[in-house]
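Trainee: In case you want the letters, here they are:
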Amino acid sequence: GNSVTQMEGPVTLSEEAFLTINCTYTATGYPSLFWYVQYPGEGLQLLLKATKADDKGSNKGFEATYRKETTSFHLEKGSVQVSDSAVYFCAPITGNQFYFGTGTSLTVIP
Amino acid sequence: GAGVSQSPRYKVAKRGQDVALRCDPISGHVSLFWYQQALGQGPEFLTYFQNEAQLDKSGLPSDRFFAERPEGSVSTLKIQRTQQEDSAVYLCASSLANQGARTEAFFGQGTRLTVV
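Order-wise, the sequence lines are chains A and B.
Okay, so the first sequence: first residue is 1 according to our numbering, each after it adds one.
Okay, so the second sequence: first residue is 111 according to our numbering, each after it adds one.
I should point out that these hints are in silico values taken from the structure, not numbers from a laboratory.
Check the hints yourself; a few may be wrong.
[Stated by the list, open to error] With a Cα cut of at most 30 Å, we get these calculated DSSO-like pairs of lysine-lysine: (1) B:167 to A:52; (2) A:68 to B:167; (3) B:188 to B:124; (4) B:167 to B:124; (5) B:167 to B:121.
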């Protein structure tokens with residue numbers, strides 16, 4: 001079946017620290033891969049995506065590379081800011097469904 | 111409006127009561143999804159519409175859950191005889207293309223349902 005394993009939180013970092021949130025998946029077929037972000041009090045927003053192997057998605061300083069051989073889509077940012085505090089969801093899509101991870105809560109402290 | 115709109119934002123229902131949750135997708139969007147998000151968990155798929163056709167309802171947890179999108183625009187998720195385990199945030203999302211294209215889905219802010 002299809003599933004997502006996402007790094008458990010909560011994660012607390014100091015401003016300007018390096019961030020990695022791990023995500024691995026199992027999926028039938030060839031999924032497209034997404035990271036969604038949920039800021040406090042807001043709905044889910046697309047952060048970045050990649051649709052085929054070796055593609056790199058990037059947005060707002062965040063990056064993730066589609067690694068088909070390791071079925072992974074790890075999220076990275078070189079220097080986090082307080083405004084990056086949010087919950088991050090890894091979400092492959094196959095067929096008609098997005099499969100969401102449990103979410104990783106990130107808090108960035110000044 | 112500019113985004114996906116859901117109403118009500120909050121709903122408190124007594125156990126056994128029927129509820130109806132509304133979703134207004136972005137105008138022109140073909141695909142519409144409903145998800146259920148329990149506290150501290152990721153969203154779980156409930157059902158998918160392509161225009162007015164409900165193509166996938168494999169995630170609906172029981173026959174108390176029913177969704178419709180009769181004119182291919184607004185959708186309603188109905189829960190009959192609510193139980194405490196139905197307490198969750200119900201998310202609606204829409205996307206421009208059919209899901210064969212795997213385009214970005216835009217999410218509403220959700221309806222928080224509390225069954226007491």
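Trainee: Hints first: check each against the structure and report whether it holds.
Mentor: Consistency of the hints with the structure:
Note on residue 167 (chain B) and residue 52 (chain A): the hinted pairing holds, with a Cα-Cα distance of about 27 Å set against a maximum of 30 Å. Distance check on the hinted pair: residue 68 (chain A) and residue 167 (chain B) sit about 29 Å apart at the alpha-carbon level, within 30 Å; holds. Taking the CA atoms of residue 188 (chain B) and residue 124 (chain B), the gap is near 15 Å; set against the 30 Å cutoff, the hint holds. At roughly 26 Å between alpha-carbon atoms, residue 167 (chain B) and residue 124 (chain B) fall within 30 Å of each other, so this suggested pair holds.
For a cut-off of 30 Å, the pair hint linking residue 167 (chain B) to residue 121 (chain B) stands: about 23 Å separates their Cα positions.
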